[in-house]
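So the sequences go chain by chain: A and B. According to my numbering, the first sequence is numbered sequentially starting from 1. According to my numbering, the second sequence is numbered sequentially starting from 462.
No lab work stands behind these hints, which were simulated from the structure alone. Where hints are given, some of them may not hold.
Taking lysine-lysine and the DSBU-like style, the derived pairs with C-alpha atoms no more than 30 Å apart in a straight line are [to be verified]: (1) A:K50 - B:K615; (2) B:K615 - A:K337; (3) A:K206 - A:K279; (4) A:K66 - A:K206; (5) A:K352 - A:K410; (6) B:K615 - A:K375; (7) A:K352 - A:K399; (8) A:K50 - A:K279; (9) A:K337 - A:K352.
Derived contacts from chain A toward chain B, CB cut-off under 7 Å, selection only [to be verified]: (10) Y174; (11) L176; (12) S186; (13) N188; (14) V277; (15) R278; (16) K279; (17) P304; (18) L307; (19) E335; (20) F338; (21) G340; (22) H341; (23) G342; (24) S343.
Quick reminder that beta carbons are idealized off the backbone N, C-alpha and C, glycines included.
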Amino acid sequence: MILRRDVLQLSGMAAVSAALPAAAQNLATPDYRLEIAPFTLELSPRHRLKTVAYNGQVPGPLLRFKEGRPITIEVTNHNERAEVVHWHGLFTPVDADGSIEEGTAPIAPNATARYTFMPRPSGFRWYHTHTMAMGDLTRGQYGGQHGFLMIEARDEPGRYDQEFFLALHDWGGYMLASDDGSMNPSYNFATINGKIIGSGEPLRVKQGQRVLLHVLNSSPSEAHWISFAGHELRVIALDGNPAPSTQAVPMLRLAPAERVCALVVMNNPGVWILGEVRKHVQAAGMGVIVEYANQRGPPRWQQPTDLVWNYEQFAAAAPIAEPTEAPINIPLAFESKFQGHGSMETWMINGKSYPNTGTDSLRQGQRYRLQFINKSMDDHPVHLHRHSFELRSLGAPLKGASNSASKSVKIVRGIIKDVLLVDSQTQAEVEFTADNPGASLFHCHQQNHMDFGFMMLFQYA
Amino acid sequence: MPESAPASAVRWLVPLALVCISTLARAQGNYEIQVYGSQTVTPETLMVELHSNFTVEGQTATIDGVYPTNHQEHETVELTEGINDWSELGFYIFTSEQDGHGVQWVGDHIRPRVRVPDSWDWPVGVSLSTELGYQRAVYSPDTWTWEIRPIIDKAIGRWYLAVNPALERTWHGPDATEGVQFAPGVKISYDFTSVVSGGIEYYADYGPLGDFDSTHNQQQMVFAVTDLNVSPVWEINIGVGIGATAATDHLIVKCIFGRRFDWGRHSPVD
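Generate the whole structure from the sequences, applying the supplied hints.
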């Protein structure tokens, strides 16, 4: 891959490519153009918020790619700070992945960069800024730089009549001024596709349709539970990868950066709310109205009484053969270090904070088992760049954990993801094959955890 | 005050002692010695605190029918119920134990408090409490008092600062004509670990606004304190205080044990 950002700054053109000759890249018309620029987001007629967005919209434009066909995206940065765009869940080369830590060059203010790569794997992915926010709760993932990315499989059967892309996001982050309020941010607003409930266009459907929902949690730090009043959600994919067992569920739970694809049969005419299950979050705005054709009236909501979700229900029902070669175990212990009741904690993997976490060397073609040992009091949505992993075990209580009585280990197979929420005081295990050479960032997707040390790099030997 | 003192000295000291006692009564200092933080108790939660204060070295004479503070053991029960995310209601039962007097009920106070909601995203925590109550005349010549207490606090890294510039008013008693008194409290502490914090608390009563008492007659007390954050359920504060002026008790040991009782049926979907 060639990065020609310097040329770009002079000429207004640049090329980054993993697959095409340099000359061809420069001549090619990009498949998509993204403009990063300050933007005033209207959450509702009464609430406006200054942020940074792609192409003057939140979420950014939906990028649709065909599996197996190389694509080029041109990104221009009109923001006052250097930016970088991460293609989340894709098996990209290092210098196109959008992680400065791995080696992707940042895009300077008023510069343009081109990324050309073969989009894979197929499924529901997304793109977002991968910059640090630190104490500024308007930057990085706290802002509006996120968008949907769909890689259509060659054999996509099209089992739906209509599809909607929904991004869950929290805005207006703040830290409490006293006590332990500095540990994690709280938020003033919660939205779906940048709108407070009732402020955006409703999702318009027809009776009898099979609607496919692609739900993304782009929140900087909050998990969300989503229910569709009057309807059942059949989960067919997790993080864009087909679920081994599809399941009808009363609600979805999405940790930051997770995606869920769910089919809904529109068999209950009326006007309904699809929204956050927790009352205070829906009251902060997270919901959208779903309107059947020729139906009017106030939207109806059916309040669930509990939060229900687990990964293991989507695991393969039939046994899956074990790989012939045993994986190499890599234990990763997550801990925090107290910095005072008025500061965010720093985060450590195996006792060290980034950039001192070092680089673990992988051997290409080798299968590895990552053992996530979450000793902290927070849940962590951990993400591995440029690879997917298979869930192997979940919820094993740590020795002496206060919640161990209510936890038991679940052995699962077949669920492929790129983000896993590791519960506090538990151990979870995933496996992956080192098949995409180059530095690969591993981190917690909660922005404040990532900013304060919860990152490390895997490097291929 | 020794009975053998010259009459002129008695004439000078008795009014001074009365000033001291009335000042202490206004501050309610020896019953609840605490610099408030801005946070309120969460809804459907009852905070039960026991304030134990022992005056190691205080006023030794009975003056104008008011018991001496020396070697008084004050036990105050404070019950605080969270109303909503930004308000609470507190209730105090003051008692005193002393040789020759046994355990005595001293009085009761009621204290509503509101705070700036978190969603306002103020850079500091701010709340406002008001306290109205009665105390028996043998413990305080001012029997009905009222206080309004702004509370500002801020945690910065390992440091914590709280300021309580309280204003007090006597409704019934010798000081009823003296107007509003200024009685600030300040706390600064440092988190040595996630569990142990240590710092200084300062309590004062400067006298009437616009006409402060002389330094000699002001009440000023400095406590060395530690807060033990052993659990979100428990609150523990221990301190030793020294009176910096003649009008203040000279040495007090204080201790606050608090426990939160969550009585609500909290739903995970709230």
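Against the structure, the hints come out as follows:
1. A:K50 - B:K615: Status holds; Cα separation ~27 Å.
2. B:K615 - A:K337: 21 Å, holds
3. A:K206 - A:K279: This hinted pair holds, its Cα atoms lying about 28 Å apart.
4. A:K66 - A:K206: 28 Å, holds
5. A:K352 - A:K410: 29 Å, holds
6. B:K615 - A:K375: 29 Å, holds
7. A:K352 - A:K399: Holds: A:K352 and A:K399 sit about 22 Å apart, inside 30 Å.
8. A:K50 - A:K279: 26 Å, holds
9. A:K337 - A:K352: Measuring from Cα to Cα gives roughly 10 Å; hence the hint holds.
10. Y174: Holds - the Cβ of A:Y174 comes within 7 Å of chain B, reaching about 4 Å at its closest.
11. L176: Holds - the Cβ of A:L176 comes within 7 Å of chain B, reaching about 5 Å at its closest.
12. S186: 6 Å, holds
13. N188: 5 Å, holds
14. V277: 5 Å, holds
15. R278: 5 Å, holds
16. K279: 6 Å, holds
17. P304: 6 Å, holds
18. L307: 5 Å, holds
19. E335: 13 Å, violated
20. F338: This hint holds: A:F338 lies near chain B, its Cβ roughly 4 Å from the closest one there, short of 7 Å.
21. G340: 3 Å, holds
22. H341: Hint holds; A:H341 Cβ to chain B Cβ min 5 Å, cut 7 Å.
23. G342: 3 Å, holds
24. S343: Result: holds, 5 Å to nearest chain B Cβ.
Taken one by one, the earlier hints fail for this structure only at number 19.
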